[in-house]
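One-letter residues, chain by chain:
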Amino acid sequence: MTATYLGMPAFPVAARAAVADTQLRRNLGHATATIRAKRAAVVGELDDWEELRLAGAAIKDRTLRHLDHYLEQLETSLTARGATVHWAVDAAAANAVVAEVAKAHGASEVVKIKSMATQEIGLNEALEAEGIAAYETDLAELIVQLGEDKPSHILVPAIHRNRAEIREIFLRAMPDAPQGLTDRPADLAAAARAHLRRRFLSARVAVSGANFAVAETGTLTIVESEGNGRMCLTLPEVLVCVVGIEKVLPTWQDLEVFLQLLPRSSTGERMNPYTSTWSGVTPGDGPREVHVILLDNGRTRALADTVGRQALRCIRCSACLNVCPVYERAGGHAYGSVYPGPIGAILTPLLGGLTGELENSLPYASTLCGACFEACPVRIDIPEVLLHLRSKAVTAKRHPAQDAAMRTAAVVMRSPRLWSRALRLAGVTGRLFRRGRIRRLPGPGAAWTDARDAPVPARESFRDWWTRTRGSGS
Amino acid sequence: MRVALFVTCLNDALYPGTGKAVVTLLERLGVEVEFPLDQTCCGQMHFNTGYRAACEPLVRGFAETFAPYDAVVVPSASCAGMARHFHPQVVAGGNASWRVSDVATRVYELSEFLVDVLEVTDVGAYYPHRVTYHPTCHSLRVLGVGDRPLRLLRAVRGLDLVELPEAEQCCGFGGTFAVKNADVSVAMGADKIAYVHETGAEVLTAADNSCLMHLGGMLSRLRTGVRTVHLAEILAATEEAGAA
Numbered sequence: 001m002t003a004t005y006l007g008m009p010a011f012p013v014a015a016r017a018a019v020a021d022t023q024l025r026r027n028l029g030h031a032t033a034t035i036r037a038k039r040a041a042v043v044g045e046l047d048d049w050e051e052l053r054l055a056g057a058a059i060k061d062r063t064l065r066h067l068d069h070y071l072e073q074l075e076t077s078l079t080a081r082g083a084t085v086h087w088a089v090d091a092a093a094a095n096a097v098v099a100e101v102a103k104a105h106g107a108s109e110v111v112k113i114k115s116m117a118t119q120e121i122g123l124n125e126a127l128e129a130e131g132i133a134a135y136e137t138d139l140a141e142l143i144v145q146l147g148e149d150k151p152s153h154i155l156v157p158a159i160h161r162n163r164a165e166i167r168e169i170f171l172r173a174m175p176d177a178p179q180g181l182t183d184r185p186a187d188l189a190a191a192a193r194a195h196l197r198r199r200f201l202s203a204r205v206a207v208s209g210a211n212f213a214v215a216e217t218g219t220l221t222i223v224e225s226e227g228n229g230r231m232c233l234t235l236p237e238v239l240v241c242v243v244g245i246e247k248v249l250p251t252w253q254d255l256e257v258f259l260q261l262l263p264r265s266s267t268g269e270r271m272n273p274y275t276s277t278w279s280g281v282t283p284g285d286g287p288r289e290v291h292v293i294l295l296d297n298g299r300t301r302a303l304a305d306t307v308g309r310q311a312l313r314c315i316r317c318s319a320c321l322n323v324c325p326v327y328e329r330a331g332g333h334a335y336g337s338v339y340p341g342p343i344g345a346i347l348t349p350l351l352g353g354l355t356g357e358l359e360n361s362l363p364y365a366s367t368l369c370g371a372c373f374e375a376c377p378v379r380i381d382i383p384e385v386l387l388h389l390r391s392k393a394v395t396a397k398r399h400p401a402q403d404a405a406m407r408t409a410a411v412v413m414r415s416p417r418l419w420s421r422a423l424r425l426a427g428v429t430g431r432l433f434r435r436g437r438i439r440r441l442p443g444p445g446a447a448w449t450d451a452r453d454a455p456v457p458a459r460e461s462f463r464d465w466w467t468r469t470r471g472s473g474s
Numbered sequence: 001m002r003v004a005l006f007v008t009c010l011n012d013a014l015y016p017g018t019g020k021a022v023v024t025l026l027e028r029l030g031v032e033v034e035f036p037l038d039q040t041c042c043g044q045m046h047f048n049t050g051y052r053a054a055c056e057p058l059v060r061g062f063a064e065t066f067a068p069y070d071a072v073v074v075p076s077a078s079c080a081g082m083a084r085h086f087h088p089q090v091v092a093g094g095n096a097s098w099r100v101s102d103v104a105t106r107v108y109e110l111s112e113f114l115v116d117v118l119e120v121t122d123v124g125a126y127y128p129h130r131v132t133y134h135p136t137c138h139s140l141r142v143l144g145v146g147d148r149p150l151r152l153l154r155a156v157r158g159l160d161l162v163e164l165p166e167a168e169q170c171c172g173f174g175g176t177f178a179v180k181n182a183d184v185s186v187a188m189g190a191d192k193i194a195y196v197h198e199t200g201a202e203v204l205t206a207a208d209n210s211c212l213m214h215l216g217g218m219l220s221r222l223r224t225g226v227r228t229v230h231l232a233e234i235l236a237a238t239e240e241a242g243a244a
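Those protein sequence lines, which keep their order, are chains A and B.
Mapping of the first sequence onto my numbering: residues 1 to 474, in sequence order.
Mapping of the second sequence onto my numbering: residues 1 to 244, in sequence order.
In case anyone wonders, no lab produced these hints; they're calculated from the structure.
Heads up, the beta-carbon is just placed ideally off N, CA and C, and yes, glycines get one too.
Misleading hints may appear alongside valid ones.
No farther apart than 25 Å at their CA atoms in a straight line, the calculated lysine to any residue pairs in the SDA-like style are these [unchecked claim]:
{"no.": "1", "chain 1": "A", "residue 1": "Lys-103", "chain 2": "A", "residue 2": "Gly-286"}
{"no.": "2", "chain 1": "B", "residue 1": "Lys-180", "chain 2": "A", "residue 2": "Asp-381"}
{"no.": "3", "chain 1": "B", "residue 1": "Lys-180", "chain 2": "A", "residue 2": "Arg-437"}
{"no.": "4", "chain 1": "B", "residue 1": "Lys-20", "chain 2": "A", "residue 2": "Arg-193"}
{"no.": "5", "chain 1": "A", "residue 1": "Lys-150", "chain 2": "A", "residue 2": "Arg-193"}
{"no.": "6", "chain 1": "B", "residue 1": "Lys-180", "chain 2": "A", "residue 2": "Lys-103"}
Residues from chain A shown here face chain B by an in silico Cβ test under 10 Å; the list is partial [what the hints assert, rightly or not]:
{"no.": "7", "residue": "Ala-304"}
{"no.": "8", "residue": "Ala-365"}
{"no.": "9", "residue": "Ala-454"}
{"no.": "10", "residue": "Ala-458"}
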C-alpha cells in the first residue's frame, strides 16, 4: 500500500504551482511566522527545555524497543476497564472495524475528533462507501471538509485558507450558515459552533484518535483547543478510537514530559485549553461502549528501519512544519499525503515505502538546513533520516542521467590527476564567457540559470596558482 | 603545528580567490600553510544526493591526504561539516574508519580556526564597505560556529556591519536541491535577497561560496549592484593591499 493521495505528482511539480499561488504564499508566510514567534517565546522561558527533549526522546525510544510488551499491557489494561481492543494491520482492517461498529448501532452518521490516524487510513471515504457520513468537528477540519479540500498542515489543516475564503466556504457548503455572515473570526466561529452543536446532539457514534495511550492504566489522552473533541468524547453512546501503535507510553507519569513538550511545540502555548483522558467505560458517565483500534499500517515497517525508526517518536506537533523554509513556500499539499512538511517527507516513505515517483521525490524536498531537527521536541534527526532515505531512493529507482553524472564525478574526483585536468579543461571553457557570468546553461543546468546567473570556471584553478607560485607546495 | 588548507572543489574550480585569501590571511598571522595537492573533494555532493558508495573513496582519500596535519582549515562551513560530522558515518569499521574519525576531529572552518586555535578576532583587516552577513545553515546547525564570524567582522576596520533580518533562515541553495527543486529554491533565495536589500548593504558575505553562488547568481541576474564576497576575502583585505 502507499501512504500518499492518489494521482499526486512528484514534489517539485506540485511545489511549482504552490510557489506561484500568491494567496497561498501570503497565508502561509503570515501563519507560520506567527506560530514560530509564539513557539520561540514559550520554549525560551523554560530552563530545562533541552532536558525535556532528551527525556521525550528517551521515553519514546525505550517504548519502541519494547513495543510488543507495552502494547500487550495496554490491551490488558483497556480490556480490564471495559474497552474492546481491535488490532488492525492496515487501513482496510481499521476502516472495516469502524464501519462494523457504526452499523451494529444502526448509525448512518458519526462525529469525528480531529485525528491524523483516521485521515491516514482514509476513514471518511471508506465510511462514505458504506453509506455512513463522517462529520469533522474540529473547526479547521470542518473548513477543509466543507471546502472539499485536503488538509495542508498537521495542526492547522486550513492554514492555506484565510478568513474571506472561509466565509465563502461556509456560505456555500454549510446549510445552516446564518445569512449576512461576515468574515470576522468571532462570527465565523459562532456559525461553526451552532452548526456543530446540532451534530453533537444527534450523533450516536463518535470517532477519535489519541495523542497518547498509557499502557499502565489503559488511558487514552487527547489534547485540543476547542472543546469540540470533549463533546465527541462525552455525548455519543459509542466511542471508537483509532490509535497508531507508536502512541503508547508506559506510565501515567510519562505524560508529564509530553504534556509540556506538545503544547509549547504545536500551538506555542504553555498548556492547551482541553486535555481529556479516559480509561475504558465509566458507568453513568460518557460513552457506554468504547472500542480501541490499535493500528499498524506501516509502523512496524518503519520500526524495522534502524535509522528511520526515530520518526515513530513523532507526537504530531508540527513544529518542524512551521520552521521549514521549504514548507513555508511549497505548502502542505505538495507533499501529497496527510503528513506534510519535513516529518511527512520522512514518514510517508517510511510507512508506505519508496514506491512511486512522489515517495521518491520526498526525501529530496529539503535543503538539509536542519531547522526541523532543532525544533523537534523529541529530537528526531530529520536530516539524518532524509539522507538515509536518499541513499535508498537512488537504488529504489534509477535515474540514468543523474547516475551517470555522479559516477563520472566520482571517478574524476577520486583521482587528483584527473581532477586537475578537468579543472584545466573547465578553465579553457571559462575563457568563452567574457562577461564573467553565464546567463544560460543547457540541459539540467537550465534549472539553475532559469533564475540565476552561473559562475564562470576560473581561468587558473587554485591548485594551478599554488603550483605556479609555490612549487609543488606540500 | 602543521596546517593544511582544504580549499574545497568548488573554490578550486570557481573561486580560487577565496583560497588565495585564506593563504594571505594565515601567512599574515604567522601561520605556515600547506596545500597538499592530492586533495580533491569531501564527497558532500555524493553523500547528500544518496550516492554513499561513490562517496566512500573520496572520504578515504581525504583522510589519507590530511592525516599528517595537525589542523585542516576549510573556507566552507558546509564542507567542514561534511568532513567533521559525516565522514565518520561514511566509513564504518576497520583501521580506515579510525583514521577517518581521527582526521575529522582536526578539521576547522576558517572562523573556528582563527578564533579557537589562533585565538584572534582582530586579524588586521581593512574593508571600507557596508556589509551584511548570512549565517549559512551548516555553519549554524552542523558546526555551531555561533557568532565567531561576526566577531571577526566587527573587528575589521572601516567595515559597516549591518544585521540581516531573518538571518537564520536558509537561503534555498541546498546542493542539488537548487536544481531538483529550482522553484522553491529560487523562492527562498528571493526572500533572502529582499532582506539583503532592506539592509542597504553593498556586500553580502558568508562562510560558504556555495550559498553565495546561489544568492549572487540571483543578485547579478537582477542587476541589483549588491555583490557577494566570501568571509575570507574580507578578512584578507588590508589598507596596503587595497581592499577589493
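### Message
Hint compliance check: list the failing hint numbers for this structure, sorted ascending.
### Response
Numbers 4, 6, 7 - these are the hints that the structure violates, sorted from lowest upward.
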